[in-house]
Amino acid sequence: MADTDIFDPIPETYEPQAGTSRRMVLNMGPQHPSTHGVLRVLIELDSETIVKAVPDIGYLHTGIEKECEAKTWQQVVPLTDRVDYLANLSNNLCYCLAVEKLLGLEIPPRAQFMRVLLTEITRINSHLVWLGTSAIDLGAMSVFFYCFREREEILRLFEFFSGQRMMTSYFRIGGLALDAPRGWQKWVQKFLDVMPGRIEMFEGLLNENPIFKRRTQGVGFVSLENLLDCGVTGPMLRAAGLKIDARKDEPYSSYEKFDFDVPTRQENDVYARYLVRMEEMKQSLRIIRQAFEGMPEGPYTADAPKVVLPDREKMKTQMEALIYHFKIVTEGFRVPAGEVYQVIESPRGELGYYVVSDGTSKPYRVFMRTPSFGNLQALSDMFIGFPIADSIASLGSMDFVLGDTDR
Amino acid sequence: MISEALQQHPAVTSVSTRIPGAIVGASDDLGEMTLQIAPARIVETCRVLKHHAKYIRLSGVTCVDRLPREPRFDVVYLLHSVELNQRLRLKCAVGGETPEIHTVTGVWRGANWYEREVYDLFGVRFIYHPHLTRILMPEYWQGHPLRKDYPIHGFKYSYTEET
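Residue numbers (our numbering), protein chains in the order written: chain U, 4 to 410; chain B, 4 to 166.
Everything labelled a hint here was simulated from the structure, so no lab data went into it. Think of the CB as a built atom: it goes at the ideal place given N, C-alpha and C, for glycine as much as any other residue. Fair warning: there could be bad hints in the mix.
[To be verified] Facing chain B, from chain U, some residues (calculated, C-beta under 10 Å):
#	residue
1	48
2	51
3	68
4	69
5	236
6	245
7	252
8	342
[As the list claims (entries may be wrong)] To give an idea of the chain U side of the interface with chain B (calculated C-beta under 7 Å), a few residues:
#	residue
9	62
10	64
11	244
12	247
13	368
14	370
15	380
Please work from the sequences and hints to get the whole structure.
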């Protein structure tokens, strides 16, 4: 497929040559249920086989990068929630790490462990939504209900921690917004007790399911070279046999202290991507267990009075804390001039924040290298040559979020 | 211009031996390496880095608008070597009335959408790009929103007047 120019647009008016072919152009989306958002794909068909597919994105563009430039450094954190609305904490974490690198802040171990614990729960949360929606596209109705039941529990856990179900903004520059609430151990312990059995149940429903296997095995194949060329990252690369994971390669937030495996497969089809993500959920549980058992005591924010808001009690009793509080709330803090590209492994792949500072209290430029944007470029490669019915399975296996793509 | 330590870096040597004059400057702030590349040399440089220095992945292409400065835009290429586990940033300063630079879609196909995004939001044209149209904003949009002289709330218009 590489020699054909897949990015050529299909002309608006399409006239088939009489008697020579049975090609037709089909418009899929923007409100198609299987596109998981507002994605439009123009598909050119030769009877049942896709010969051309052109994705059309931008329906969810909200100008977040422009808005970041008008906010103070701390005010950007709630915006990052809205980028990838299924993995909010991953986005919070990546932005905070980038700014902390510019500031040269040292984050205490308790905050780092808590960040790891919660981003791994986010990964399970995001994979559950992916599993439910991609399974319902292939006809597995019950999996969808089970996944969303578990997800609801996770959202309640987030609400318990941060007060918000989805737009958590729990990580702040310099640590966490609040210390973990009283009794959080009970909630996480319950989650750790219940979840492994539930993942086994999903596997029991799908792993050897003949319908699921027939719909997914050998479908959506793209060679590893093409995937790398298109800028694809994350589970899709790992299902193609490349062992790449930012948590192992470029450890951040004390991931080097955790013991976990990076699952890979060689088959490089929809089924392999499914297996990789299921294994990732189990590995995430391993990480959560280690973070939970080894959770250090201590402060949850860095010792940086000019960046982190002071404790409420201190603010009311100490003059200096009151001054810092006033300065941070009214003007915000200044970040030394410089630029940084921070990468983390989000549930979808490489999430990078390229942050440029000019020394003022507002970011000069924030570029979000979102995994869905890169992954979606491989859509044409994945569609071409397969029947139209397989495109649903391929789309599901990419696991993109349109808010993440369009920003 | 380029410090001694950076001149020994394999990525720098592989570029400077093959394309003399391509690297205009280099820095290593916060442990992240940045190479300033002459805009006319960007495609060759990327090709050399991909095939001879193992930077097989392009993470993204973006742009920074340094408004009062001339040349005004910094086009930024974020490269990644899976084998070496290293990242590299290339920067090209482009400016003028119609800022232009050659496309690197011939080196990495994945540059396609990123360059369209930069064109859409900054108005930097990529010469020989296979399909340079707006990607995030509507096709009829006027102006380039991420430029620094574009107001945050857009250009206001009156609802009562005919536009």
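Here is what the structure says about each hint:
This hint is violated: residue 48 of chain U has a C-beta 21 Å from the nearest C-beta of chain B, more than the 10 Å allowed. At about 27 Å, the closest approach between the beta carbon of residue 51 of chain U and any beta carbon in chain B exceeds 10 Å, and the interface hint on this residue is violated. Interface hint status for residue 68 of chain U: upheld, as the beta-carbon distance to the closest one in chain B is roughly 6 Å, under 10 Å. For residue 69 of chain U, the interface hint holds, since its Cβ comes within 10 Å of a Cβ in chain B; the closest pair sits about 6 Å apart.
For the restraint placing residue 236 of chain U at the interface with chain B, the shortest Cβ-Cβ distance is roughly 8 Å, inside the 10 Å limit, so the hint holds. Taking 10 Å as the C-beta cut-off, the interface hint given for residue 245 of chain U holds, the closest approach to chain B being about 7 Å. Contact between residue 252 of chain U and chain B, as hinted, is supported at the beta carbon level, the nearest pair being about 5 Å apart and thus within 10 Å. With its C-beta approaching chain B no nearer than about 8 Å, residue 342 of chain U sits inside the 10 Å limit, and its interface hint holds.
The beta carbon of residue 62 of chain U comes no nearer than 9 Å to any beta carbon in chain B, farther than 7 Å, and the hint placing it at the interface is violated. Taking 7 Å as the C-beta contact cut-off toward chain B, the hint placing residue 64 of chain U at the interface holds, the least distance being around 4 Å. Hint status for residue 244 of chain U: violated, given a least beta-carbon distance of 12 Å to chain B, over 7 Å. For the restraint placing residue 247 of chain U at the interface with chain B, the shortest Cβ-Cβ distance is roughly 6 Å, inside the 7 Å limit, so the hint holds.
Taken as an interface hint, residue 368 of chain U checks out: its beta carbon lies about 5 Å from the nearest beta carbon of chain B, inside 7 Å. For residue 370 of chain U, the suggested interface contact is upheld, since its CB lies about 4 Å from the closest CB of chain B, less than 7 Å. Below 7 Å, beta-carbon pairs count as interface contacts, and residue 380 of chain U has one with chain B at about 5 Å; its hint therefore holds.
Violated hints, in rising order: 1, 2, 9 and 11; the structure is consistent with all others.
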